[in-house]
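Asks: Based on the sequences and whatever the hints tell you, model everything.
Line order of the protein sequences matches chains A and B. Take the first sequence: its letters are residues 0 to 111, numbered as in this note's numbering. Take the second sequence: its letters are residues 381 to 496, numbered as in this note's numbering.
Since the hints were made in silico from the structure, they are not lab data. Take these hints with a grain of salt, some might be off.
[Unchecked claim] The calculated DSS-like cross-link candidates involving lysine-lysine, where the alpha carbons are at most 27 Å apart (straight line), are:
{"id": "1", "chain 1": "A", "residue 1": "Lys82", "chain 2": "B", "residue 2": "Lys448"}
{"id": "2", "chain 1": "B", "residue 1": "Lys488", "chain 2": "A", "residue 2": "Lys56"}
{"id": "3", "chain 1": "B", "residue 1": "Lys483", "chain 2": "A", "residue 2": "Lys8"}
{"id": "4", "chain 1": "A", "residue 1": "Lys69", "chain 2": "B", "residue 2": "Lys483"}
{"id": "5", "chain 1": "B", "residue 1": "Lys483", "chain 2": "A", "residue 2": "Lys70"}
{"id": "6", "chain 1": "B", "residue 1": "Lys422", "chain 2": "A", "residue 2": "Lys56"}
{"id": "7", "chain 1": "B", "residue 1": "Lys381", "chain 2": "A", "residue 2": "Lys56"}
{"id": "8", "chain 1": "A", "residue 1": "Lys8", "chain 2": "A", "residue 2": "Lys82"}
{"id": "9", "chain 1": "A", "residue 1": "Lys70", "chain 2": "A", "residue 2": "Lys56"}
{"id": "10", "chain 1": "A", "residue 1": "Lys8", "chain 2": "B", "residue 2": "Lys422"}
{"id": "11", "chain 1": "A", "residue 1": "Lys8", "chain 2": "B", "residue 2": "Lys488"}
{"id": "12", "chain 1": "B", "residue 1": "Lys483", "chain 2": "A", "residue 2": "Lys82"}
{"id": "13", "chain 1": "A", "residue 1": "Lys56", "chain 2": "A", "residue 2": "Lys82"}
{"id": "14", "chain 1": "B", "residue 1": "Lys448", "chain 2": "B", "residue 2": "Lys381"}
{"id": "15", "chain 1": "B", "residue 1": "Lys422", "chain 2": "B", "residue 2": "Lys483"}
{"id": "16", "chain 1": "A", "residue 1": "Lys82", "chain 2": "B", "residue 2": "Lys488"}
{"id": "17", "chain 1": "B", "residue 1": "Lys483", "chain 2": "A", "residue 2": "Lys13"}
{"id": "18", "chain 1": "A", "residue 1": "Lys13", "chain 2": "B", "residue 2": "Lys448"}
{"id": "19", "chain 1": "A", "residue 1": "Lys70", "chain 2": "B", "residue 2": "Lys422"}
{"id": "20", "chain 1": "A", "residue 1": "Lys69", "chain 2": "B", "residue 2": "Lys488"}
[As the list claims (entries may be wrong)] Sample of chain B residues with no beta-carbon within 12 Å of chain A, all distances over it, derived:
{"id": "21", "residue": "Phe416"}
{"id": "22", "residue": "Ser433"}
{"id": "23", "residue": "Pro462"}
[To be verified] Looking from chain B toward chain A, a few residues come up when the C-beta cut is under 7 Å (computed):
{"id": "24", "residue": "Gly423"}
{"id": "25", "residue": "Leu424"}
{"id": "26", "residue": "Arg452"}
{"id": "27", "residue": "Phe486"}
No residue lacks a Cβ here, since even glycine has one placed at the ideal position from N, Cα and C.
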Amino acid sequence: DGGITQSPKYLFRKEGQNVTLSCEQNLNHDAMYWYRQDPGQGLRLIYYSQIVNDFQKGDIAEGYSVSREKKESFPLTVTSAQKNPTAFYLCASRRGGLAGYTFGSGTRLTVV
Amino acid sequence: KQEVTQIPAALSVPEGENLVLNCSFTDSAIYNLQWFRQDPGKGLTSLLLIQSSQREQTSGRLNASLDKSSGRSTLYIAASQPGDSATYLCAVRPGDSGGSNYKLTFGKGTLLTVNP
Numbered sequence: 000d001g002g003i004t005q006s007p008k009y010l011f012r013k014e015g016q017n018v019t020l021s022c023e024q025n026l027n028h029d030a031m032y033w034y035r036q037d038p039g040q041g042l043r044l045i046y047y048s049q050i051v052n053d054f055q056k057g058d059i060a061e062g063y064s065v066s067r068e069k070k071e072s073f074p075l076t077v078t079s080a081q082k083n084p085t086a087f088y089l090c091a092s093r094r095g096g097l098a099g100y101t102f103g104s105g106t107r108l109t110v111v
Numbered sequence: 381k382q383e384v385t386q387i388p389a390a391l392s393v394p395e396g397e398n399l400v401l402n403c404s405f406t407d408s409a410i411y412n413l414q415w416f417r418q419d420p421g422k423g424l425t426s427l428l429l430i431q432s433s434q435r436e437q438t439s440g441r442l443n444a445s446l447d448k449s450s451g452r453s454t455l456y457i458a459a460s461q462p463g464d465s466a467t468y469l470c471a472v473r474p475g476d477s478g479g480s481n482y483k484l485t486f487g488k489g490t491l492l493t494v495n496p
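Replies: So this is what it looks like as structure tokens:
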């Protein structure tokens, strides 16, 4: 079955560490997105990529970095510059045109 | 700036009841609106996608309507079941050509509890 796979499901980060969240899709979608979800704040866009080797900052990109070397993969790195990284991270993809969005199952990141 | 509001924030109903969830948005220039379901600790599952040219979409017991001119959408759930308990989110894709038309704007959701 086609879909989006996010890993790991749970991730723990020590202060000062960089961590990378994986997002892989086998839907042959062109566009991919990273959202952050915090209680009471809804979902906020971190980064998005419409094609391979191209990506743009979303509304809250500071402290995060991404790459898009392959169509299927859009990993998100949470750097030590992100002051409050504890959150639920969701990856999404979209075929293009007026198509809707497909989301992964999420990664819960906790700072310890 | 597009803002999306969902009312009520929480809703508790007995099993079998028909119910309506509301979503309003401030800018009517949209490409489409998508309803999602989120179970606790899980990702988002797409329920219905309504294009700006459409008035409604149906899937099983779910029916979503869109009134773009008034900035409103409703999600109607017929004959609710305990398995429908979840948070329901609506998201709007803006229709402007300035580069932001790929970004969804989400409401904060309605937490639905269906009691057996």
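Asks: Each hint: holds or not?
Replies: Status of the hints after comparison with the structure:
1. A:Lys82 with B:Lys448: violated, 39 Å
2. B:Lys488 with A:Lys56: Holds, because 22 Å separates the two Cα atoms, which is no more than 27 Å.
3. B:Lys483 with A:Lys8: Measuring from Cα to Cα gives roughly 25 Å; hence the hint holds.
4. A:Lys69 with B:Lys483: Judged against 27 Å, a Cα distance of about 21 Å means the pair holds.
5. B:Lys483 with A:Lys70: Holds: B:Lys483 and A:Lys70 sit about 19 Å apart, inside 27 Å.
6. B:Lys422 with A:Lys56: Given pair B:Lys422, A:Lys56 holds - Cα atoms ~25 Å apart, limit 27 Å.
7. B:Lys381 with A:Lys56: holds, 17 Å
8. A:Lys8 with A:Lys82: holds, 21 Å
9. A:Lys70 with A:Lys56: Holds, at roughly 18 Å.
10. A:Lys8 with B:Lys422: It holds: about 10 Å lies between the C-alpha atoms, which stays within 27 Å.
11. A:Lys8 with B:Lys488: holds, 23 Å
12. B:Lys483 with A:Lys82: holds, 24 Å
13. A:Lys56 with A:Lys82: holds, 18 Å
14. B:Lys448 with B:Lys381: holds, 16 Å
15. B:Lys422 with B:Lys483: With a Cα-Cα distance of about 21 Å, the restraint between B:Lys422 and B:Lys483 holds, given a limit of 27 Å.
16. A:Lys82 with B:Lys488: OK: A:Lys82 and B:Lys488 at ~23 Å, within 27 Å.
17. B:Lys483 with A:Lys13: At roughly 31 Å apart (the allowed maximum being 27 Å), A:Lys13 and B:Lys483 break the hint.
18. A:Lys13 with B:Lys448: violated, 46 Å
19. A:Lys70 with B:Lys422: Satisfied, since the Cα-Cα distance of roughly 24 Å is no more than 27 Å.
20. A:Lys69 with B:Lys488: Distance ~32 Å between A:Lys69 and B:Lys488 Cα, so the pair is violated.
21. Phe416: violated, 7 Å
22. Ser433: violated, 9 Å
23. Pro462: Consistent with the label, B:Pro462 stays out of reach of chain A, its closest Cβ about 22 Å off (over 12 Å).
24. Gly423: holds, 4 Å
25. Leu424: holds, 4 Å
26. Arg452: violated, 18 Å
27. Phe486: Nearest chain A Cβ about 4 Å off; hint holds.
Violated hints for the displayed structure, listed by number in ascending order: 1, 17, 18, 20, 21, 22 and 26.
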